Amino acid sequence: MQPAVNFVRSILGAGRRVGVKWLAPLVAAGVYLSLAQSASAACCTLKSGGSPNATSIASLYDIILVLAIIVFLAVMGFVCYSVFAFRAHKHPVAVQIHGNTRLELGLTLSAVLILVVIATVTFIKLPGIVNAPNSDASANSVLSASLTAPNPPNGQKLTICVTGRQFIWRYTYGANCNKKGWQLPYSYQEMVVPAGETVNLLIQSSDVIHSWWVPALGGKVDAVPGFTTYAWFKAEHANELYHGQCAQLCGRQHAFMTALVKVVTPQQYTAWITQQSKLINAQNDQVAQLRRDLIKQGILTPSGTF
Amino acid sequence: MSTIDHAVRPVPQVLVHEVQEPRKTRQWLDWVMTTDHKKIGIMYLVLTFVFFLLGGVEALLMRSQLAVPNNTLISGEHYNELLTLHGTTMIFLFVVPVMAGFGNYFMPLMIGARDMAFPRLNALSFWLLLCGGIVFYASIFWHPPEAGWWSYPPLSSIQYSPSGGQDAWIFLIHLTGISSLAGAINFYATVVNMRAPGMTWGRLPLFVWSILIYAVLLIIALPVVAAAVTMLLTDRHFGTHWFNAVNHGSPVLWENLFWFFGHPEVYIMILPGFGIISEVLPVFSRKPIFGYKAIAASTIVIAFLATLVWAHHLFTAPMPLVVLGFFMLSSFLIGIPTGVKIFNWTATLWRGSLVMTTAMWWACGFIIVFLIGGITGIFLAVFPVDWQLNDTYFVVAHFHYVLMGGSVFTIMAGIYYWYPKMTGRLCNERLGKASFWVTFFGFNMTFFVQHALGLSGMPRRIYTYQPGLGWSTYNLISSIGSYILALGLLMSVYNFVTSYKKGEIAGPDPWKANTLEWFTTSPPPVNNFDSVPRVRSVEPMRDIRLEVEAQTGQLQKTGGSEQFARV
Numbered sequence: 009m010q011p012a013v014n015f016v017r018s019i020l021g022a023g024r025r026v027g028v029k030w031l032a033p034l035v036a037a038g039v040y041l042s043l044a045q046s047a048s049a050a051c052c053t054l055k056s057g058g059s060p061n062a063t064s065i066a067s068l069y070d071i072i073l074v075l076a077i078i079v080f081l082a083v084m085g086f087v088c089y090s091v092f093a094f095r096a097h098k099h100p101v102a103v104q105i106h107g108n109t110r111l112e113l114g115l116t117l118s119a120v121l122i123l124v125v126i127a128t129v130t131f132i133k134l135p136g137i138v139n140a141p142n143s144d145a146s147a148n149s150v151l152s153a154s155l156t157a158p159n160p161p162n163g164q165k166l167t168i169c170v171t172g173r174q175f176i177w178r179y180t181y182g183a184n185c186n187k188k189g190w191q192l193p194y195s196y197q198e199m200v201v202p203a204g205e206t207v208n209l210l211i212q213s214s215d216v217i218h219s220w221w222v223p224a225l226g227g228k229v230d231a232v233p234g235f236t237t238y239a240w241f242k243a244e245h246a247n248e249l250y251h252g253q254c255a256q257l258c259g260r261q262h263a264f265m266t267a268l269v270k271v272v273t274p275q276q277y278t279a280w281i282t283q284q285s286k287l288i289n290a291q292n293d294q295v296a297q298l299r300r301d302l303i304k305q306g307i308l309t310p311s312g313t314f
Numbered sequence: 265m266s267t268i269d270h271a272v273r274p275v276p277q278v279l280v281h282e283v284q285e286p287r288k289t290r291q292w293l294d295w296v297m298t299t300d301h302k303k304i305g306i307m308y309l310v311l312t313f314v315f316f317l318l319g320g321v322e323a324l325l326m327r328s329q330l331a332v333p334n335n336t337l338i339s340g341e342h343y344n345e346l347l348t349l350h351g352t353t354m355i356f357l358f359v360v361p362v363m364a365g366f367g368n369y370f371m372p373l374m375i376g377a378r379d380m381a382f383p384r385l386n387a388l389s390f391w392l393l394l395c396g397g398i399v400f401y402a403s404i405f406w407h408p409p410e411a412g413w414w415s416y417p418p419l420s421s422i423q424y425s426p427s428g429g430q431d432a433w434i435f436l437i438h439l440t441g442i443s444s445l446a447g448a449i450n451f452y453a454t455v456v457n458m459r460a461p462g463m464t465w466g467r468l469p470l471f472v473w474s475i476l477i478y479a480v481l482l483i484i485a486l487p488v489v490a491a492a493v494t495m496l497l498t499d500r501h502f503g504t505h506w507f508n509a510v511n512h513g514s515p516v517l518w519e520n521l522f523w524f525f526g527h528p529e530v531y532i533m534i535l536p537g538f539g540i541i542s543e544v545l546p547v548f549s550r551k552p553i554f555g556y557k558a559i560a561a562s563t564i565v566i567a568f569l570a571t572l573v574w575a576h577h578l579f580t581a582p583m584p585l586v587v588l589g590f591f592m593l594s595s596f597l598i599g600i601p602t603g604v605k606i607f608n609w610t611a612t613l614w615r616g617s618l619v620m621t622t623a624m625w626w627a628c629g630f631i632i633v634f635l636i637g638g639i640t641g642i643f644l645a646v647f648p649v650d651w652q653l654n655d656t657y658f659v660v661a662h663f664h665y666v667l668m669g670g671s672v673f674t675i676m677a678g679i680y681y682w683y684p685k686m687t688g689r690l691c692n693e694r695l696g697k698a699s700f701w702v703t704f705f706g707f708n709m710t711f712f713v714q715h716a717l718g719l720s721g722m723p724r725r726i727y728t729y730q731p732g733l734g735w736s737t738y739n740l741i742s743s744i745g746s747y748i749l750a751l752g753l754l755m756s757v758y759n760f761v762t763s764y765k766k767g768e769i770a771g772p773d774p775w776k777a778n779t780l781e782w783f784t785t786s787p788p789p790v791n792n793f794d795s796v797p798r799v800r801s802v803e804p805m806r807d808i809r810l811e812v813e814a815q816t817g818q819l820q821k822t823g824g825s826e827q828f829a830r831v
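Order-wise, the sequence lines are chains A and B.
Plus 8 on top of the position in the first sequence (first one is 1) and you've got the working numbering.
Plus 264 on top of the position in the second sequence (first one is 1) and you've got the working numbering.
Some clues are possibly wrong.
[Unchecked claim] Calculated lysine-lysine pairs in the DSS-like style (CA-CA distance at most 27 Å, straight line):
1. Lys286/A <-> Lys187/A
2. Lys98/A <-> Lys697/B
3. Lys776/B <-> Lys557/B
4. Lys303/B <-> Lys98/A
5. Lys270/A <-> Lys187/A
6. Lys303/B <-> Lys765/B
Keep in mind that the hints were calculated from the coordinates and are not lab data.
Computed from a predicted model, the values in this text were never measured in an experiment.
Just need the whole structure built from these sequences, with the hints factored in.
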């Protein structure tokens, strides 16, 4: 404990020599720069790098972290200093102070100021987090409009419906996935997306509340039965695999409701989607044939029931 | 000056005459049939500590399961049951009622009253709490609830939680809710009506202020959760569809109703703890609390704002952006009166004459640890950041810092501070301080790394995780820390149990404290006081000591508890 106290005292001492008013910005700059350099300081900063919204959230967090560290060190400094310097045997007479209104007001106003700064930075960064950007020029997404879903300014986006159920995620690919999902290609667990394209997610649940979360691609959005919620991401790098998990307790196997987002080049994506459609249609045909055979054998009635 | 020879004038001692003969046979009946606030307070403290230990065992089982990836110690089903039991126990059966226990014992003494306003209602509150706990824990013999302590539907609906455990949870909420509500009415009526002559609102001890506001918040919040769980009950068994989306109900309705209760609930859990700290710090700093009016006012402001921030628990649910913005700003606002308190507590220490007893160590440790919890709350209030951090271990770390580092540390400070008054004996100070340091170390080891876990993407309420995600080391550290934390707390429990018979005799005022509970014997007789002095300031006991000093010439040592300070 003593080395920690000496450290705090040396900071306070340094502050007095340098001029306390320069100390806080210096500490702030130092912390911010060191954070910026260790971009993936996994212990202390958010995951990001997959999509611009995630990057914006992470930088907002970094700014708050700097302010938080300064406030914490200041208060802890005073408390630790007091506990050591004002012990009864060293400081036998307590100064009977009842209060100091000016000091209180000053400290309260400083706290308000810090919060105003954080709120302002948040509102400045908010459009970058909430509004979907345009897809890159090389993308070949579909033009579509929606009243409530995040819409890139030029309307070109890829729409994927994410449906959560106990305990797996299903993805339906295509512009009308909300209305004509059964005609569109789909996959489970692993979502394949093209790089450089704005992906709109329509998130739904078919049973209990789940929460869609791939940290590198942005914040989480709850999948609530009876609601459709929206998210977007724009994966910037191809050949990446991002990990995610359901983030709302949804039952006994909640721990295993994971998700993967595989980012490929737009050409690979088109190839994959075509292949996926072909496979699904082939399977559908097989099932239809099987049904016809079973009806012929009398195991199923003509309407398809037993 | 005076003609009285000070050298021979005796120093008046605190003396109170016992008016009621205790029973000689079947002494347990004295406890079962009591309406005395002190006995009820002790029963609250003992019962809630039993639940604390049960909740702690649940936590240790959870941490043991999470110590290594892909662990098979506990199944998904049992883990979900444990996390539901742990959260529900700690909140409804430990933190909220233990504050009622302190309030029951000490609030009437601090205001110079004979008992609470409604003694029989007070007893009912305790027995309802016990019944609630029994009903809830009986479910472990059948099927405990699994839907978490917030019981979000549809997971908690009859379709996805068919067993009776969820209903046991509903009954717990009702029974403990009525217990707390009756207690709240009692506290309110007592503080408003039964204060000693001269004890104006500006002279009310800060602990009593905090109990008053705690009561008001309970009255505002509990009816809402009672309604919500009744709606859940009718959804489950009587064919209603409040929360069932298939029939045009809404799960988000539950979320809003629950958290409208849930957020004031967390302030209910911490405000009396703040009151305890505001009592302990001045006594052991030998100077008055810095900014009494600001601390009292900030308690009221926090309670008011507590009703306006609930949706920050719902930032990831479907909500319009303007609503998100409002709740972010209101959550920021509530940080300001809390900050005022922290400044004032720190300023109380500044230039004091600190006597570092065990209670004082817990109080100072509380300031640091609660500060961390409060700061991480600011991160979570920024809703885009919350979109990443909600439902992760960052939130788990945050609320354990404010609930364990906050409430539990204040509870420990309160017990070490008031133990001599309740039992007439002092706790072992060396063991107490050792317990503090072991707990402090174990607590930070357990929960500080959980911030990193949340930042690395680990969600809450998962019973296992895969290796290779960067979570394994932090989880192992956290689990080891939890055992150290448990050891530290057990050291204190051992201290409380053994000091009851073996502790040094305390006398009425071992700490040279400031408030009226020290103006009676330890423990007080049933009638509390022979007579109650006229109150002239926030520190009536200190005024009495100074008056005694002036009239007898016997110097009351300024740092009267030097025997407890380590030189």
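For each hint, the structure was consulted:
| no. | hint | in the structure |
| --- | --- | --- |
| 1 | Lys286/A <-> Lys187/A | 21 Å, holds |
| 2 | Lys98/A <-> Lys697/B | 20 Å, holds |
| 3 | Lys776/B <-> Lys557/B | 23 Å, holds |
| 4 | Lys303/B <-> Lys98/A | 41 Å, violated |
| 5 | Lys270/A <-> Lys187/A | 25 Å, holds |
| 6 | Lys303/B <-> Lys765/B | 18 Å, holds |
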